[in-house]
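**Student:** As they're listed, the protein sequences go chains A and D. Residue numbers for the first sequence follow UniProt numbering, beginning at 1 and rising by one. Residue numbers for the second sequence follow UniProt numbering, beginning at 1 and rising by one.
None of these hints come from the bench; they were simulated from the model. Treat the hints with care, as some may be off.
[As the list claims (entries may be wrong)] For lysine-lysine, the following DSSO-like pairs were computed, each having C-alpha atoms within a straight-line distance of at most 27 angstroms: (1) Lys227(A) with Lys208(A); (2) Lys308(A) with Lys614(D); (3) Lys208(A) with Lys328(D); (4) Lys328(D) with Lys416(D); (5) Lys202(D) with Lys157(D); (6) Lys328(D) with Lys301(D); (7) Lys278(D) with Lys202(D); (8) Lys416(D) with Lys406(D); (9) Lys280(A) with Lys331(A); (10) Lys266(A) with Lys280(A); (11) Lys157(D) with Lys301(D); (12) Lys280(A) with Lys201(A); (13) Lys266(A) with Lys268(D); (14) Lys201(A) with Lys266(A); (15) Lys280(A) with Lys227(A); (16) Lys328(D) with Lys278(D); (17) Lys280(A) with Lys405(D); (18) Lys240(D) with Lys278(D); (19) Lys201(A) with Lys268(D); (20) Lys202(D) with Lys299(D); (21) Lys331(A) with Lys301(D); (22) Lys227(A) with Lys324(A); (23) Lys268(D) with Lys280(A); (24) Lys278(D) with Lys299(D); (25) Lys208(A) with Lys299(D); (26) Lys201(A) with Lys308(A); (27) Lys328(D) with Lys280(A).
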Amino acid sequence: MPVFKQVSPSTDSLPTTPSSDASPQLLCTCPPYPFDEHAGDALSTVSAASAAGSDNNHLASGGLAVAAPLEQPSQQQAPLSLPRRHVATCAVHSSHAMALLKQKAKQQQQLQLERQREQEERRRNPFAPVRVAPSRTFDLYAGSQFRGKQRSGSHSYDVMVDIKHVDLNNSFLCGYLHINGLTDEYPELTTYFEAEIIGPKHSFLTHKWDADELTDEEHWTLFEPFKCFARSVFNGLDGQDSDEDMSDSNPSLRSSRHQYHCDPLKYHHQNENVVFMRWKEHFLVPDHRVQGISGASFAGFYYICYNKITGEISGYYYHQSSEKFQQLLLKHVDERSFAAFEFR
Amino acid sequence: MLYCRRLQDIISARDDKDSQLKTQAVIVLGSFAFGNESNILALTNSGVLEPLLNCLNPTGDPKLIEAAARTLNAIYASPRVSRLELFMGNHLNVLVQLLDAYSSSYRMGQEAVLLHTAELVASILARCCETIDQQMQIAGSGAVPLLMRLLASGACKSQEAALGALAALVKDNPDLAQHIAQMRLERGERPAPYILRLVRDKSPNMRLAAATCLTYMNRAGVIPEHNSDIMLTVLPTLVKMLQLNCSVQEAAPKVLAYLIWESESMQKAVCDMDAIPKLASIISQVDEEDNVYGIVGQKDKLKENSLLALAAISQMKEDCRRQVIEAKVLPHIVMAMSHPSVGIRAAACQCTRSLSRSVKNLRTSLVDAGIEAPLFQLLSDSDPGVLSSATATLCNIVLDVSPMKKSIMDRGIVLKFVQMIGFGDNVVRLNAVWAIKNLVFEADSDVKEAVMRQFGYHNLAQLLNDGELAIQEQALNLVRNLACKREQDIDQVFSGLGNGQLFSIIEDKLTWDDLRLLEHALYVLVNIATGSEYHKQSIMKRPGILRSVLGLMSHESAAIRVATIWVIINLTWPDDRLAQGVHDRVVVLRSLGVEDRLQALNSDHDLDVRDRVKTALHHFHLDQQQYGHAAMTAAEQAGSAGTTGGASRYSQGTTTTTTITTNRSAAMGLGQVPVSGATAVVGAGGDAFGTTAVTDATPSGVVGTPSHERR
Numbered sequence: 001m002p003v004f005k006q007v008s009p010s011t012d013s014l015p016t017t018p019s020s021d022a023s024p025q026l027l028c029t030c031p032p033y034p035f036d037e038h039a040g041d042a043l044s045t046v047s048a049a050s051a052a053g054s055d056n057n058h059l060a061s062g063g064l065a066v067a068a069p070l071e072q073p074s075q076q077q078a079p080l081s082l083p084r085r086h087v088a089t090c091a092v093h094s095s096h097a098m099a100l101l102k103q104k105a106k107q108q109q110q111l112q113l114e115r116q117r118e119q120e121e122r123r124r125n126p127f128a129p130v131r132v133a134p135s136r137t138f139d140l141y142a143g144s145q146f147r148g149k150q151r152s153g154s155h156s157y158d159v160m161v162d163i164k165h166v167d168l169n170n171s172f173l174c175g176y177l178h179i180n181g182l183t184d185e186y187p188e189l190t191t192y193f194e195a196e197i198i199g200p201k202h203s204f205l206t207h208k209w210d211a212d213e214l215t216d217e218e219h220w221t222l223f224e225p226f227k228c229f230a231r232s233v234f235n236g237l238d239g240q241d242s243d244e245d246m247s248d249s250n251p252s253l254r255s256s257r258h259q260y261h262c263d264p265l266k267y268h269h270q271n272e273n274v275v276f277m278r279w280k281e282h283f284l285v286p287d288h289r290v291q292g293i294s295g296a297s298f299a300g301f302y303y304i305c306y307n308k309i310t311g312e313i314s315g316y317y318y319h320q321s322s323e324k325f326q327q328l329l330l331k332h333v334d335e336r337s338f339a340a341f342e343f344r
Numbered sequence: 001m002l003y004c005r006r007l008q009d010i011i012s013a014r015d016d017k018d019s020q021l022k023t024q025a026v027i028v029l030g031s032f033a034f035g036n037e038s039n040i041l042a043l044t045n046s047g048v049l050e051p052l053l054n055c056l057n058p059t060g061d062p063k064l065i066e067a068a069a070r071t072l073n074a075i076y077a078s079p080r081v082s083r084l085e086l087f088m089g090n091h092l093n094v095l096v097q098l099l100d101a102y103s104s105s106y107r108m109g110q111e112a113v114l115l116h117t118a119e120l121v122a123s124i125l126a127r128c129c130e131t132i133d134q135q136m137q138i139a140g141s142g143a144v145p146l147l148m149r150l151l152a153s154g155a156c157k158s159q160e161a162a163l164g165a166l167a168a169l170v171k172d173n174p175d176l177a178q179h180i181a182q183m184r185l186e187r188g189e190r191p192a193p194y195i196l197r198l199v200r201d202k203s204p205n206m207r208l209a210a211a212t213c214l215t216y217m218n219r220a221g222v223i224p225e226h227n228s229d230i231m232l233t234v235l236p237t238l239v240k241m242l243q244l245n246c247s248v249q250e251a252a253p254k255v256l257a258y259l260i261w262e263s264e265s266m267q268k269a270v271c272d273m274d275a276i277p278k279l280a281s282i283i284s285q286v287d288e289e290d291n292v293y294g295i296v297g298q299k300d301k302l303k304e305n306s307l308l309a310l311a312a313i314s315q316m317k318e319d320c321r322r323q324v325i326e327a328k329v330l331p332h333i334v335m336a337m338s339h340p341s342v343g344i345r346a347a348a349c350q351c352t353r354s355l356s357r358s359v360k361n362l363r364t365s366l367v368d369a370g371i372e373a374p375l376f377q378l379l380s381d382s383d384p385g386v387l388s389s390a391t392a393t394l395c396n397i398v399l400d401v402s403p404m405k406k407s408i409m410d411r412g413i414v415l416k417f418v419q420m421i422g423f424g425d426n427v428v429r430l431n432a433v434w435a436i437k438n439l440v441f442e443a444d445s446d447v448k449e450a451v452m453r454q455f456g457y458h459n460l461a462q463l464l465n466d467g468e469l470a471i472q473e474q475a476l477n478l479v480r481n482l483a484c485k486r487e488q489d490i491d492q493v494f495s496g497l498g499n500g501q502l503f504s505i506i507e508d509k510l511t512w513d514d515l516r517l518l519e520h521a522l523y524v525l526v527n528i529a530t531g532s533e534y535h536k537q538s539i540m541k542r543p544g545i546l547r548s549v550l551g552l553m554s555h556e557s558a559a560i561r562v563a564t565i566w567v568i569i570n571l572t573w574p575d576d577r578l579a580q581g582v583h584d585r586v587v588v589l590r591s592l593g594v595e596d597r598l599q600a601l602n603s604d605h606d607l608d609v610r611d612r613v614k615t616a617l618h619h620f621h622l623d624q625q626q627y628g629h630a631a632m633t634a635a636e637q638a639g640s641a642g643t644t645g646g647a648s649r650y651s652q653g654t655t656t657t658t659t660i661t662t663n664r665s666a667a668m669g670l671g672q673v674p675v676s677g678a679t680a681v682v683g684a685g686g687d688a689f690g691t692t693a694v695t696d697a698t699p700s701g702v703v704g705t706p707s708h709e710r711r
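Model the full structure from these sequences, guided by the hints.
**Tutor:** Structure representation (structure tokens):
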């Protein structure tokens, strides 16, 4: 639902055009500093850093931060509640507050102009593309990679996964799965897969792809973190039993675990350390038109468990006529720089 | 047109004696206006509007007024007729008075004429609401309460006309929409629930008019309490209209598109009502009729609107996109991209844009359907609407997951984009920067270099300070993508923009109150901080930037907090070769209060933030293990008297002397710090001299001396 600026509801007077009042309100975001004694070192370092950077013209001309700490701020002048370290690093309380306020006011004016322009643009073209912000959680983001192995019987194959797009809002992500040495014809095989992220949109119960509840149970329960859901997912909501089970435990713990236990419907990966998914491969990359490959098949799907903290993915492949419990073990490839794209 | 002059003379005559003749003349003029648009323009060019508006004088003959209103209504059907005259002089006020069909000037036996006049006036007003100013002027002349009365009149035609005018008034005007939504009808009811009942009327025209009015109110966001009514009543009504073979079928898809455009849940709801196969069959049916009968153009509007509805439904949900593909309508969409009608071409492009928001479609169906060639063709289209939706689609086509990326680059797409950035309108410029940004996402160094050779860093620098914030944002995202992954890529950006300019821009962006600008600016820093020692030092030399990063560590958005922590993580990344550089940065960051801030974030409610904080604090900890930490050691020595649990590592009551001694001895004892300028660093950064002496001493110690990495 689009949200617009609310004007005061009035039934007898016409709305006035939005006021151009852009009085800025800076909020101080500094955490409280209980100790004044060390204010000095913050100040000195700021000035040190700025002095060191004085070969740069921009800085030498007196950027916002530079001048203030060079003055000897006396303890008396600073308000008691505002230690000097705080002053040195906080936009609200620095001695340049006025300049900053002016700058902010100017920016807010421009932001307001921008909003008006947006409204006009919207009027000119009500069918302008609606933005869909790319989403990420931990190592699940577009551009992320995982490396590891798939084990099938005594064989083991190198696997790499490229995450291409993540849409947590729709419990969706997709990417490429590269597997090496599976067949002679395709020493490197790449497929496109889509993930159903278990949560408000997708249940633990698969109900498709030839998987019945038994299949679901024998696969999901292979994941340690799933154990606490197991009974409620596969035996229905056995509230009484779980009450009995936990009657001796501490009541606050019980209530939280109770909910946890009995309502997989309320399960959301946001609140958990692990993300459960189903990965289904759809076609080959780069040529999606290639149909069968001898010696390999991607007709089945993976049960997946991603651990946010360790960055590891484990999974089990399931297909009616394939070897059971082929295991996928992947680790996130550490990456410290992040590009970003956005669909238009 | 000679007759026209004569007719005009007749109606301009001052005497009111022969109103019958005047009426006849007005009716004849009206019959011209019911012809095509060129007739209407010929009429207005000869100056017919003013005399017609003068005929509306409420004291005059009601029959004449009615005829004049009808003729004016026919003339204003053309959007090319100037609305200026209507808003000049007293015309608008006179017109609005005529809405009052039940006024004191009520004359026996003339109810029907008066009511009909009011309907015509409502329709005229509906056609004169093109700008906010016009909407406000009409509302300001007191039209709204009269329209409300007309709405509640119970007379079918009057209600439809009132709905039309109200819809035009609230369209894309949130302020006025809010005002109207809060008004009350005669019985004290608000208009929305009343109009909702009309959505269930037996007349299709009434249903459409009511649905349209609620659609505009809904998108203006002024009737949130009726969200479920919109879902349960308006949406199905509009979807059912797709199959009515009457006049409403043409407009319904566009209203539908308008209603659901920004709402994912409505898109899903419409999808679940099987609207996609219905729209697909309309489109293929129109194509078939065009082929068989050769009467091209009759159903153009229907086709355009249906394409737009498909674009709306498939805009946000992959499931809906899948349904569009499965409906086998894509070949028709691709064909429509080369249709002679401008509207159809633009709408078809909107469809491909929606469908191309999917990695799967980019890899499969869009390639199979061959959208690349017709899409590229549209870049030479003269219509701005077509051009903007074509460039928007291209933003997705140039992504690395798209097999069409390479071939469309071979066609010289980058140069096209560069030209558009120079000469296009703002929407096209935005799309072009957006596309280039997407194109260099995860690209190799040589692709980035080739693109920037054509684009030019001076152009990028300009865009980073463009008058449009949206363009600034895309340009900043482009910098983020360019300076990513490899040191040589960062070098390119440094030499392209000049690092003084680059960091001044970043410093400025970090002070903005705009989430997207902030995030991209921070990730530019994150990426640069993965580079060489020189790259990292360049950041450290900007106290303004460091201070902003520190401030943003407590930003309300978790995504921003995560980004700031990544800056810290990368700046303090343990590196065997240049351990001294890392240590210097740790010292500066610590003294700025970064470590304390990180400690505070240890209890952040966001799991991702907490996880990153762990890594960052680990770096500070590593540093401390290696070099010791003055204040910490001092605290231990002083027996941490008075320190309260974990809030800070700094102690409250240590004396300066102990601090220095401890620190020195710790450092020397470890034997890892060479006795040089670096010792001073440890002393100055970590302790609590807190006096002038330090202020003087530090500049050379902290950042100035270790210049071995400078180039």
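**Student:** Run every hint past the structure and note whether it holds.
**Tutor:** Do the hints match the structure? See the list:
1. Lys227(A) with Lys208(A): holds, 23 angstroms
2. Lys308(A) with Lys614(D): With Cα atoms ~14 angstroms apart, lysine 308(A) and lysine 614(D) stay inside 27 angstroms; holds.
3. Lys208(A) with Lys328(D): holds, 24 angstroms
4. Lys328(D) with Lys416(D): violated, 32 angstroms
5. Lys202(D) with Lys157(D): It holds: about 13 angstroms lies between the C-alpha atoms, which stays within 27 angstroms.
6. Lys328(D) with Lys301(D): The given pair, whose Cα atoms are some 21 angstroms apart, holds under the 27 angstroms limit.
7. Lys278(D) with Lys202(D): Holds, because 22 angstroms separates the two Cα atoms, which is no more than 27 angstroms.
8. Lys416(D) with Lys406(D): Given that 27 angstroms is the threshold and the Cα spacing comes to 15 angstroms, the pair holds.
9. Lys280(A) with Lys331(A): Answer holds: lysine 280(A) to lysine 331(A) is near 19 angstroms, not above 27 angstroms.
10. Lys266(A) with Lys280(A): holds, 24 angstroms
11. Lys157(D) with Lys301(D): Holds. Lysine 157(D) to lysine 301(D) sits at ~25 angstroms (cutoff 27 angstroms).
12. Lys280(A) with Lys201(A): holds, 16 angstroms
13. Lys266(A) with Lys268(D): holds, 21 angstroms
14. Lys201(A) with Lys266(A): holds, 10 angstroms
15. Lys280(A) with Lys227(A): Distance of about 23 angstroms is within 27 angstroms: holds.
16. Lys328(D) with Lys278(D): Satisfied, since the Cα-Cα distance of roughly 12 angstroms is no more than 27 angstroms.
17. Lys280(A) with Lys405(D): holds, 25 angstroms
18. Lys240(D) with Lys278(D): holds, 9 angstroms
19. Lys201(A) with Lys268(D): Holds. Lysine 201(A) to lysine 268(D) sits at ~13 angstroms (cutoff 27 angstroms).
20. Lys202(D) with Lys299(D): holds, 25 angstroms
21. Lys331(A) with Lys301(D): violated, 54 angstroms
22. Lys227(A) with Lys324(A): Satisfied, since the Cα-Cα distance of roughly 20 angstroms is no more than 27 angstroms.
23. Lys268(D) with Lys280(A): holds, 22 angstroms
24. Lys278(D) with Lys299(D): holds, 16 angstroms
25. Lys208(A) with Lys299(D): This hinted pair is violated, its Cα atoms lying about 42 angstroms apart.
26. Lys201(A) with Lys308(A): Since the Cα atoms of lysine 201(A) and lysine 308(A) sit roughly 20 angstroms apart, the hinted pair holds (cutoff 27 angstroms).
27. Lys328(D) with Lys280(A): Holds, at roughly 23 angstroms.
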